[in-house]
Amino acid sequence: MPATSILSPEILAKYEPVIGLEVHVQLLTETKAFCGCSARFGSAPNTQVCPVCLGLPGALPVLNRRAVEFATLAAMALHCRINETSVFARKNYFYPDLPKGYQISQFDKPLGEHGWIDVPAPAGTKRIGITRLHMEEDAGKSMHEGFHDSRERTYIDLNRCGTPLVEIVSEPDIRSADEAYEYLTRIKEILLYTAVSDCNMEEGSLRCDANVSVRLKGAEKFGAKAEVKNVNSFRFVRAALEHEIERQIEVIEAGGRVVQESRLYNSAEGRTYSMRSKEQAHDYRYFPDPDLPPLVVSNAWQEEIRATMPELPEARRERMIDEYEITAQDAQVLTSSRAFADQFEQAAKAAKSPKRVANLVQGELVGRLKAAGLELAQSPISMQGIAQAADLAESGALSSKMLKQLFDRCFETGEDFGVVYEREKPQQISDSGALEKMIDEVIAANPKQVEQYRGGKKTVAAFFVGQAMKLSKGQANPALLNELVTKKLDG
Amino acid sequence: MQSKSEMPEQGGSVAKPGPVPLERVLRVAELAQLELREDEQQEMLRDLNAILGHVAQLNELDTRDVPPMTQVNAAMHAAGDRAAVDAGNVLRDDSVRPSLDRAKAMAAAPETDGTYFKVPKVIER
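Just so you know, the sequences run in chain order L and C. Heads up, the first sequence is in this note's numbering, so the first residue is 1 and it goes up one at a time. Heads up, the second sequence is in this note's numbering, so the first residue is 1001 and it goes up one at a time.
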């Protein structure tokens, strides 16, 4: 089957995809969920293990309070109802990266349920339900390739085993690959704002499985679904879903039946592959973990946790639009991370015109950062520098051209705006006498154009402005220069 | 998502179970990644049915109105004993404690290279 579709748009339009997403997020705790081993990423293999996370006989798990706080905060940010009592269960399966033979998870009594988020949609926003958010522990890492005996052996690193996760399960409310992408983007943004996870996909802090089926538009019943696994970026999730939707429609159009199964996405080929697992291979035999008492997050504790909730991105955007008179698009850029938004607001509050700070950040800073491949945190120009530049531009001391040059200079030398400005201090020439002298010079050198102007061709004035500006090395105050040129030519 | 039917039935009256058939034994062995020889299969079938038959005696009691209890703590919570519940809400602070020395952690493993645990080649499921 080709990776690109051979289906006509008319056929594709007959069907409606139904998508649900499961997102696993590693919580940003110092230690693992049920033991005191460090949860840090990237340490030497098998150096962050102990009897609890190795599943040695007799070891007992004790839950990490911080993990509960983070999970509860995340659930609240996703508008979930918090269950005062939730229960840990054992999910039983046998795999070498899970030494206990079961994963501690939550099953019929999860921490949070009945949540939702709004995502941008072609027509305004769309609300996507969140079925549940539950706590669980991660498994270790299996390495199947890269060792001299990889043909016969799998290597296991258990550092990650027992790291605290939350799993966020959406309702099957998502109707396109684009909507899935938006949903994931919003979820990640919210989690980053609440600072419960670093959401680093390269390090596996955020992982996504997608359940997808298709049905004829108007049909009530869901079609058989495939679970697409192993997708490690949001762009790939979108591409994998696009491919999988078309694959399923092709199967149905050819008179076949979609098989309920797990499929792996191969990003290099842009297609999904059947994992050829037996349809009823999984039977996890969940039961309540007798080693862990039910988790009780009392109302009082919930209120304490709620009090630590930061302003979330959506609310922050709305406030910033009001407060700084910026556009929705500006607000979107400025809130792309909590750190960015914090720094912007700090600068905006310090500057005379917050709107100008917003314009500078978006018009002059973001593009330069992108071109240089830098994050905001690595910007040579601090937000303080931006505020200073905005005030200079606001007072007319700097033309936009000078400002651009100074910003370029900052990116060349890696110095902050204040430093470069103090050294180069380009002055706008706002001295009428000096400007008039330059204009006289230009007029004297171009008698033909003067004649044209006086003959009625007023647009020639722009020529004189340009010449005089050149003579001033771009430092003439543009408004004043315009005024003086007209005055001279008319005089 | 998993279906609720995977959860074992709790409390209430459980339908009287018949003897476990061989295919059920083989299914459980498959889930446990065990390969049973023919004679082991028969032995397992016999033992399993003996054990379940023994436990089935409990079905003679009518537990329809008895709420299930998997934890004493949960029962206290249901009874509204908040102080007892809070005392039972055992949590630890998020502070790092020393892990095992790697050599020690690996001492009992059948195969390692000193850095990783090694197992017979497995394929992703």
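These are calculated hints, taken from the structure and not from any lab test. Bear in mind that the values here come from a model prediction, so they are computed numbers and not experimental data. One or more of the hints may lead you astray.
[As the list claims (entries may be wrong)] Using 30 Å as the maximum straight-line C-alpha spacing, the simulated DSS-like pairs for lysine-lysine come out as follows:
(1) K425/L with K457/L
(2) K437/L with K488/L
(3) K141/L with K100/L
(4) K1121/C with K355/L
(5) K437/L with K448/L
(6) K14/L with K109/L
(7) K1104/C with K100/L
(8) K404/L with K349/L
(9) K370/L with K1121/C
(10) K437/L with K470/L
(11) K370/L with K349/L
(12) K448/L with K355/L
(13) K1121/C with K229/L
(14) K1104/C with K141/L
These are the hints, each one checked on the structure:
1. K425/L with K457/L: violated (38 Å)
2. K437/L with K488/L: holds (11 Å)
3. K141/L with K100/L: holds (14 Å)
4. K1121/C with K355/L: violated (61 Å)
5. K437/L with K448/L: holds (19 Å)
6. K14/L with K109/L: Distance ~39 Å between K14/L and K109/L Cα, so the pair is violated.
7. K1104/C with K100/L: Holds: K1104/C and K100/L sit about 18 Å apart, inside 30 Å.
8. K404/L with K349/L: With a Cα-Cα distance of about 23 Å, the restraint between K404/L and K349/L holds, given a limit of 30 Å.
9. K370/L with K1121/C: violated (44 Å)
10. K437/L with K470/L: It holds: about 14 Å lies between the C-alpha atoms, which stays within 30 Å.
11. K370/L with K349/L: holds (25 Å)
12. K448/L with K355/L: Violated, at about 44 Å.
13. K1121/C with K229/L: holds (21 Å)
14. K1104/C with K141/L: Since the Cα atoms of K1104/C and K141/L sit roughly 20 Å apart, the hinted pair holds (cutoff 30 Å).
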